[in-house]
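Peer 1: Sequence:
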Amino acid sequence: MLDYYYSMVEFFSQKNAMYFIALPLTILLYVLMRYLQGKTGWAILNPLLIPMIIIICIILFTKADPQDYEQGASLISWLLDPAVVALAIPLYLKFTMIRKQAIPILICCSISIFISFFIAYVSCKLLDVKDIMIPTIGARSITTPLAMSVADRMGGIGAITACIVCCVGICGAVIGFPLMKLFHVRNKKAQGLAMGSCAHAVGTASANEHGKIEGAYSSLGLIVCGILTTFLATPIFMLFNILDSWFGF
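Here my numbering runs 396 ahead of the position in the sequence shown, where the first position is 1.
Calculated from the structure, these hints are not laboratory results.
Any given hint could be a false lead.
[Said to hold, decoys possible] List of simulated lysine-lysine pairs, DSS-like, C-alpha gap at most 30 Å: (1) K435 to K526; (2) K435 to K584; (3) K435 to K608; (4) K584 to K608; (5) K496 to K435; (6) K435 to K577; (7) K496 to K577; (8) K608 to K577.
Whole structure, please, built from the sequences with the hints as guidance.
Peer 2: See the structure below:
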């Protein structure tokens, strides 16, 4: 066993070894997890979560250079932007249905944003964490570019926000629908809106796998929450400052 481990370390320690294996390894693990998840029906076999854990373990145990993996898998990162834009297609197909429910959707998304920041605020205060972490954690439920922008603007740390956003999205994709099933949330529109509002692009990809309605409303939640957060973040933090002055936090 040790000989096998040392041989792996030797292989990945070679110059650019991880660079050349990054893309095929990532695709292979993703396809394998999709197949196993389809066969077993287990949500935990998420094709984003499990490959990510395996690749992190490989990099750690073989002491490979993470930058080699990043550069080797850059094609996947490049495809992320058009993939997010493509999520607008189910939104367009269900636009007539969505337009009739514009007001309730805006209210639900606004409440979602406030809850996200309020939970971050209360958690940081209870755990005596520095205030810089409130905007860093609070922007976790919108897509990465907007989340980093909001966090930086409100005095948070954009890089940490990006990591949290990825983790939240993957967790939402894994437990989102099972959790709603547990609490008897059966309405497809509500399911989609919840996934898009809480788990952004990764959750929307999962919602699209469940159905067109879920995918459309998840895309809507992703877009609306992203836009509203950029406007609501400032007044929300003004409210937090008022609470700090009242309660002496």
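Peer 1: If a hint holds in the structure, say so; if it does not, say that too.
Peer 2: Structure-based check of all given hints:
With a C-alpha separation of about 45 Å, the suggested pair K435 and K526 falls outside the 30 Å cut-off, and the hint is violated. Of the pairs offered as hints, the one joining K435 and K584 holds, with about 24 Å between alpha carbons and a cut-off of 30 Å not exceeded. Only pairs whose Cα atoms come within 30 Å are accepted, and K435 paired with K608 is accepted, the gap being roughly 22 Å. Between K584 and K608, the direct Cα distance comes to roughly 9 Å. Compliance with the 30 Å bound is thereby established for this hinted pair.
In summary, the hint linking K496 to K435 is not supported, as the alpha carbons are separated by about 38 Å, beyond the 30 Å threshold. The suggested pairing of K435 with K577 holds, with an alpha-carbon distance near 20 Å, which does not exceed 30 Å. Taking the CA atoms of K496 and K577, the gap is near 26 Å; set against the 30 Å cutoff, the hint holds. Our distance criterion of 30 Å between C-alpha atoms is met by K608 and K577, whose separation comes to about 18 Å.
Figure legend: structure checked against the earlier numbered hints; hints not met, in rising order: 1, 5.
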